[in-house]
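Build the full structure now, drawing on both the sequences and the hints.
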Amino acid sequence: MQRLARWIARKLWWVSLWLMRRGWMRRLQAASVGWMSPEKASRARLNLVRQNAFARRIGLRLLTFVVTLFLISLAIQFVYSSAIYLVESGVLRPTSLAPED
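For what it's worth, the working numbering labels the leading residue of the sequence shown as 144, then goes sequentially.
Please note: incorrect hints may appear among the correct ones.
To be verified - Just the calculated beta-carbon pair ranges, DEER-fashion:
#1 R170 with L214: 33 to 41 Å
#2 R153 with A218: 18 to 26 Å
#3 P237 with R153: 40 to 48 Å
#4 A226 with M163: 40 to 48 Å
#5 R149 with A173: 31 to 39 Å
#6 F221 with R164: 35 to 43 Å
#7 L240 with L147: 32 to 40 Å
#8 L229 with G177: 56 to 64 Å
#9 M179 with R149: 33 to 41 Å
#10 L189 with S159: 16 to 24 Å
#11 N195 with S239: 57 to 65 Å
Hints were generated in silico from the structure; no laboratory data involved. Keep in mind the model is a prediction, meaning the values are calculated, not measured. Every residue gets a Cβ at the ideal spot worked out from N, C-alpha and C, and that includes glycine.
Now the structure itself:
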């Protein structure tokens with residue numbers, strides 16, 4: 144499952160970086176700094192650079208972790224739903240500890 148999560152995360156990361164390199168996205172980032180007052184604009188520019196550096200350093204690992212959690216959640220839901228379906232269809236029997244209808 145880790146390989147699948149890593150593959151999906153890499154594809155998502157590539158799309159994210161591709162979008163961030165588009166001209167309209169760069170103009171939007173520059174405009175967001177321009178909307179602020181001049182005394183806050185210099186700090187905002189530095190924060191934007193710092194956030195981008197943090198994202199490049201940590202982003203792929205964090206995205207891989209989140210995708211892994213998502214795939215684990217899907218697997219658990221699939222197993223649970225399958226077990227419920229098998230019990231309701233009569234293939235599996237509930238244990239004697241389960242309340243009877």
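Checked hints:
no.	hint	in the structure
1	R170 with L214: 33 to 41 Å	36 Å, holds
2	R153 with A218: 18 to 26 Å	20 Å, holds
3	P237 with R153: 40 to 48 Å	43 Å, holds
4	A226 with M163: 40 to 48 Å	43 Å, holds
5	R149 with A173: 31 to 39 Å	33 Å, holds
6	F221 with R164: 35 to 43 Å	37 Å, holds
7	L240 with L147: 32 to 40 Å	36 Å, holds
8	L229 with G177: 56 to 64 Å	60 Å, holds
9	M179 with R149: 33 to 41 Å	38 Å, holds
10	L189 with S159: 16 to 24 Å	22 Å, holds
11	N195 with S239: 57 to 65 Å	60 Å, holds
Of the hints listed earlier, there is not a single one the structure fails to meet.
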